[in-house]
Structures are given as structure tokens and as C-alpha cells.
Amino acid sequence: MSLPEVHLVGGTCADAFRLAPVAVAMRDQNRLRPVLLAGGADPAAVTRTFAAFGLTPEVTLPAAADRASAIYRLDQLWAVRTPAAVLVRGDDLAAALAAYWRRIPVVHLDAGRRTGWLGAADAADADRRLLAQVATVHLAATPAAAMNLLDEHVVAGDVLLTGGTAMDAVRALDPRRTAENRRILVGVEAARDEPVSMAARELAALYPDLDVAAAGPLGQPERIRLLASAYLVVTDDEDLTEEALAANVPVLVPGPGGRLAEALNAGAARLVEPVADALVAEVSRLLDSRVRRDAMAAAGSPYGDGLAAVRVAQATAALLGHGQFPEPMPARPTAGVPR
Amino acid sequence: MDVVGFWTRSWISDDRTAVRRLLAPDVEVEWNLDAAVDDEELLQVQHRIAAFADTVAVLERTTADDGAALIYDLVAPFGRARMVEFLAVADGRITEVRQVYDVTATDRYFPGLYEN
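Chains A and B, in that order, give the protein sequences.
With the working numbering applied, the first sequence covers 1 to 339.
With the working numbering applied, the second sequence covers 1 to 116.
Keep in mind that the hints are not guaranteed to be accurate.
[As the list claims (entries may be wrong)] Simulated restraints, written as ranges between beta carbons of each label pair:
no.: 1; chain 1: B; residue 1: Glu-30; chain 2: A; residue 2: Arg-33; range: 25 to 35 Å
no.: 2; chain 1: B; residue 1: Thr-55; chain 2: A; residue 2: Asp-66; range: 18 to 28 Å
no.: 3; chain 1: B; residue 1: Asp-66; chain 2: A; residue 2: Ala-41; range: 23 to 33 Å
no.: 4; chain 1: B; residue 1: Asp-38; chain 2: A; residue 2: Ala-214; range: 50 to 60 Å
By construction, these hints were calculated from the structure, which means they are not laboratory data.
Quick caveat: nothing in here was measured; it's all calculated off a predicted structure.
We put the beta carbon where it would ideally sit given N, CA and C, even for glycine.
The following block holds chain A by itself, in its conformation from the complex (with noise of 0.2 Å):
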């Protein structure tokens, strides 16, 4: 009898940098049959990232200009291709729309994220509320993550607790640590843009055998690769925090790090001030003092223990009645060791 299918939606880099460890787990499990969807805007991007894991998508679709038309390449591809249940990442409401509309059961991966600004300004928390509300299971990266959906009545039967997934995919990869400099890297939103540009080359200045680069560009494994030869990560960015903190290299934060609140509270990421020099002190802190920085480091991520791509399997195959859901992961940060 054949296993049933599921499809993983990478609607960018990031989603298949966090898709693909679950992929190799639904594999390893033998329960259900996964296919990876490249989408988006650049699928060619997404397919180059689950590339790095030694995987190929099995359906390619056009690029999507808009979400209109990603929900609209959805479903004519399940219309014909019906598949038992879509895993979407994070801010994916296109996928899951389109699922829903099929009434195909949407397995949502790192649900729960919130800025907390109930405003006209957080469109993007909008449409994760929307996701959630479509949503057939819930699972989130952190406690703080599986409380908003609660907070938002979603069903606590229906929220679990796994973990992110980013640690999985890092430790997959393996990256070594190459540089002989010390390498900061920096991805902000354009509107940090100036302070944080004003504020690498002063740091350049001070400090000769200082490389900054740029994680904006990079596609996966190139950043993981950066990653992991980081001292330091100048960030507003969740994904790019969650990736060092999973490289464990600390973070700054320029800004109000609204959806950063657990990497705050454990430690390894701190905000920042997004004027140049408050960026120049804070940075030389910790160039100063590697001590430090390691400290920061060492208070590890909270987004994920290893075990999240084994879990979101597992709870996958539950849904469609193949074993168990998982145990949630145990409700607490994981310290990283210091390089």
C-alpha cells in the first residue's frame, strides 16, 4: 500500500531551509511519502536551498508575482494532485489558503510568532493570525509561540509544542568554521539600512582584521556557511536570528525586536540602539571582550533542541493516523558551547 503524501510548500529559502530536515525524518520514518514543492518568487532559489540537503523538489510551479496567484498555482496543481495533508512555514498564508480551500489539512511549522502590536501597522501579524485560523495543527518553536495561539483561542489540542527546526537543518549541513578574521554579518531592514552601514565602517576602521559582511544576498548553505565562522550577527531579521543562534553566535538586535522576545530573554541576542554609535559601542563590547561574547553565546537558542524535524514527522503521521503524536519538547533553552 502506498504511503500517504505530503506536501512541504517552500515558498522561500528560509521555509526550505527549514523544510528539509523534516522531509529527511518523513523519509527516515517510512510513514509518509513527502514531496517538496519549490514556490514563491524565486523557486530556483528554493530549489538551489533543498539542494544543499541532497534533496530535489519533485514540483516546481512558476513564480508567483503575488499571493493571488501563488493560492491560484496551489490549486490547480491539488486540484489534480490532491496530497493528504500541506506543511507551510511560518508566514506561508498563500499555501495554506489554497489548502484550506481544498480542504486538504494545513500541518502549520513555527506557528505562533508574534510581534504583539495589535495595530494597523503589523499586517504581517494579520496574516498569521489568519493562518492560524486555518491551520489544522499548530506547531510551535517556543512556549511564548504555543501561548499566542492560545491567547487567540486556538484549541490547546491542537498546538504542539516541537521546536524550530533551523537547529536540525544547521547540524545537517555541518558547516566548518573557515575564517581566519573575525567576520561580522549584518542583515537589516532598509530602513536600519544607513545607521548600520555608517556603523560597519567605522567598526572597520578601529578594527583592521574585521571582515562585515552582508547575509542579504545569500542563499543557503553560503549563509550557514558565514554562520558558522560569525563572531557576532548584527540582525532585526527572525529567521537570520534564528539561524546564529542555532550556529551559536550571538545577536544584536537594532531596534525594537518585536518577534525576538525569546532570543532576548535567554541572552544571546541583545537590543540595540539603531543609531550608529550605539551599534559602534555595543559592537566593540563585544569585539573587546571574548569573554563576553561567549557568554552571550553560551545562553544558547531557544527556538529549537535538534529533534524538531523528528517531531513535526511524527505529528504529521499522527494526523493522518499513522502512530503517535510526539512528546513536546521540554520547556527550556538549550545552552550552546561557546567557539
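Keeping the supplied structure of chain A fixed, place chain B upon it in accordance with the hints.
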């Protein structure tokens, strides 16, 4: 005729007569609000939204052979909420309406929306 377009314009402008005419007699209605729903409840909630909201806009529309998926932006005096609607269309009538509300924002900015 663009049934879906007529549907959105009708309920947004609070034209309940037009909305009733578009619904098939055996229309199936689902939503994620914490209240029972049938076609009359649906019309009641649409009327309340149309009456209370500052604006209602269709942000996105995905059209399939047998229906459409729409994302609405419901702007109330003190905030906004999103709603997704899936419509099935047959023979010029709407046979299925499935609505998904951002319940957190809806409860906050459209209080009493689905109370009887």
C-alpha cells in the same frame, strides 16, 4: 456575469436584496466565528460590517473555474481586521460561502458582530 464581483459589491454596499438573490436556495455557509451560521446569520453579519465599518476593501482575489477566494480588509473606526472568503459558484448563483475571520482583531474592532 461576474458573480463574485457582484457579490462583493452588493454586500459591501449593504444591498441585502441583491445578496439574497445571489445565494442559491441550498447555499452552504461556514465560518470560524463562535456562533452558529446559516444564510440569514451570514446576511446579518455582513449587514453589521457594512454598517459599522469605515471601509471594506477586497485586497486580493483568486479566481478558479468554480469559484473564488477573496481577502478583505475590514476597517473599523479604531482598527482593522482581515477576513478570507471562499465562494463556490454554479449556474450564476453562490452555492457555498466559507469565511475565515481574524477573530482576535474582529472581536476587538467589531464588538458584538455576531451576537444574537
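Each hint, compared with the structure:
1. Glu-30/B / Arg-33/A: 25 to 35 Å: At roughly 30 Å between Cβ atoms, Arg-33/A and Glu-30/B fall inside 25 to 35 Å, so the hint holds.
2. Thr-55/B / Asp-66/A: 18 to 28 Å: holds, 21 Å
3. Asp-66/B / Ala-41/A: 23 to 33 Å: holds, 27 Å
4. Asp-38/B / Ala-214/A: 50 to 60 Å: Holds: the Cβ-Cβ distance is about 56 Å, inside 50 to 60 Å.
Checked against the numbered hints given earlier, this structure breaks none of them.
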